[in-house]
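Chemist: Those sequence lines, one after another, are chains A and B. In terms of the working numbering, the first sequence has 188 at position 188, counting the first letter as 1, and numbering is strictly consecutive. In terms of the working numbering, the second sequence has 1474 at position 474, counting the first letter as 1, and numbering is strictly consecutive.
I should point out that these hints are in silico values taken from the structure, not numbers from a laboratory. Just so we're clear, the structure is a prediction, and the values are computed from it rather than from any experiment. Treat each hint with caution, since some may be false.
[Stated by the list, open to error] Simulated coverage check for chain B against chain A, where a stretch passes if three residues somewhere in it have a Cβ under 8 Å from a Cβ of chain A:
1. 1089 to 1101
2. 1169 to 1176
3. 1181 to 1187
4. 1379 to 1385
5. 1449 to 1463
Note that CB positions come from ideal geometry on N, CA and C, so glycine has one too.
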Amino acid sequence: MSRLDFDIAHLLAGLLVLISFIELYQDRLYALLNVYAAHALVLAASVAWQAFIQDAPHLYLTAAIALSFKAIVIPVALHRIIARLGIHREIEKVVGVGTTMLAGMGLVALSMVVMLRVTHGADPLAREDLAFALSVVLLGLLMMVTRRNAVSQVVGFMSLENGLVLAATGAKGMPLVVEISVAFSILIAFIVIGIFLFRIRERFDTVDVQALDRYRGERR
Amino acid sequence: MSFDAVAGVLLIPALAAALLAALPGYRTTARINVVATTLTFLCALSLFFHRPPTGSYLLVDDLNATFIVLTTFVGFTTSVFSASYIGHELETGRLTPPFVRFYHAMYQVLMFAMNLALVANNIGLMWVAIELATLTTVLMVGLYRTHEALEAAWKYFILGSVGIALALFGTILVYMAARPVVGEGLDAMVWTVLVKHAAAFDPSLLDLAFVFLLLGYGTKVGLAPLHAWLPDAHAEGPTPISAVLSGLLLNVALYALLRFKMLLAVNTAALAPGPLMVTLGLISLVFAAFMLYRRRDIKRMFAYSSIEHMGIITFAFGMGGPLANFAGLLHMTMHSLTKSAIFFAVGHVAQVKGTQRIADIGGLTVTHPVLGWGLVLGVVAIAGLPPLGIFMSEFLVVSSTFARAPVLAIILVFGLLVGLAGLFLRLNGIAFGEPRGPQGKATASYVPMFAHLAIVFAAGIYIPPALVAWFQNVAGLLG
């Protein structure tokens, strides 16, 4: 593998972590969706680059799914759902932006320390890809726990899943990657259709934790 | 053409799902549902006599044959119960015919997904199957479309998806560990190949992979503190689904964990998965035992009891060794049978009384003797009183632990006793005393419930030597 191949793959994976950080401090839903679309776009580029350098044509399919489904269809659909159902456009956070960003940095540092130490035997590209992927996964989780609004929790889940696709494509020659990315797309489609069909509007409209509190277990 | 039992347990549910999705009418579809699950069960039984060869996608060995037979059997009895349960739901108008059609199709898809997860030899395929099972159960939990049901489905969906995602990361890490040894491509995800070469894998990568797999699949097993979805999902879905969730799906997730535990056991340099499982198991047991006390909803109470028992089973498998594994397998079987029998009873109770609130249910043994005593027998069994089957398996877990780690055994016994007292405290009000709530006649099918209880009762007194030998053999496989 040439130096340039490695650098570009590295750049794209790093960009994905950066965009995850940008998602963390968004406070408007529409803006968040746009940032997520960029996230998916970078993922598609990264997967396509992996397909090219690994000479694995089936990965182009995964890249195409990421581009068409995650970067275009899902953000557009969520835009329309938010408009149609009249969901609050502001994102309510459990923790302030500063704290969240600090926690995010801590998580990235953690995943670097863990993955780079654990994978010293693997080849350098797969190694760093995995470290970046774990960072994206953890940042997605962080986003899910620091947001009250269900749509932004879903966006957190979707960027978590982008991290998984990054890891799967970075693991050279991994079988079933296309199948797994299709399975995940179905999962996400279900979530989005679920939001729309169930029209659990009050769930999205109010501060969601209250809705959870009301149903914290027992009927009274 | 030779008969292929694995194809049977996969294709019958898949075809039945397609058929049931197309057919209207409740009576025929409920019957087709029962027929399909019966045929699947018969196919599963034939696995004892004839096994297809191991491929790179499918595998049948003694371990998963046990799980498949248990799954298809409970799937079969639950479909019988479901026929009368759903009939009542249609009469009362809680469900409409299109929803029933959807429900029956989903029931078969769930059976397909669970069987696929069990026969999968490929860790990627196993993951996809468990994801499919999660999706179908989410849809079933939200079936009633009430606010609470949607809330429960949503919570299950989000927590289940995160669990599934973490499990996938663990699966990718296992592949990364295998690649330098096995080589690129399909072989590096085939479980039988992995287990052959696992000794040469990078131990630190395997460690990390197992942590993710434990968190991921552990969420699906319902281990505390990852259990938050479980009580809601059990309480708000249709009761046949509660029975299948508790009795089967939790086992399937545990089965996935066990496969990876066997992988780590081969690699001596990797961390021992046992202590992690023991810790999570004990936490689940003690936590759920205390949670039994303040329950107001009858289905939630038994959901917490499921967490408690999954804790015991995980604990037993975590301890490892022939005796503890044997006890774990026996306990898993007994728990599946007993818990689904209890949910059969609870389903009819909730239908008769029109509520799941414990405060509104009382004196069942007076007003509905068969149902009431069935429930009492079920609770006596699940609480682990002699001479029933769960007493046997719990006794084995405790005695095997006392020999090796007395401190852990004390915590275990403490948890069991707390749980027992909690269950009886609630049972007293439900089954005895002043009758409360409507006292209409129950249109119930008692056969599945008493069939399960009879097996549990018989197992407490006498287990056939052939079965003991079989379980011992499987326990040996688990290491």
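Chemist: All hints, please: hold or fail.
Modeler: Here is how each hint holds up against the structure:
Judged by the Cβ-Cβ criterion of 8 Å, the region 1089 to 1101 of chain B is not covered by chain A as claimed, because only 0 of its residues qualify and three are needed. Remark: the region 1169 to 1176 of chain B is confirmed as covered by chain A, as 5 of its residues place a Cβ nearer than 8 Å to a Cβ of that chain, reaching the required three. With 3 residues carrying a beta carbon less than 8 Å from a beta carbon of chain A, the region 1181 to 1187 of chain B meets the three-residue requirement, and the given coverage holds. Counting residues of the region 1379 to 1385 of chain B whose C-beta lies closer than 8 Å to any C-beta of chain A gives 0; at least three are required, and the coverage claim is violated.
Evaluation of the coverage hint for the region 1449 to 1463 of chain B: breached, as 0 residues show C-beta separations to chain A shorter than 8 Å, against a requirement of three.
Of the hints listed earlier, those the structure fails to meet are numbers 1, 4, 5, in rising order.
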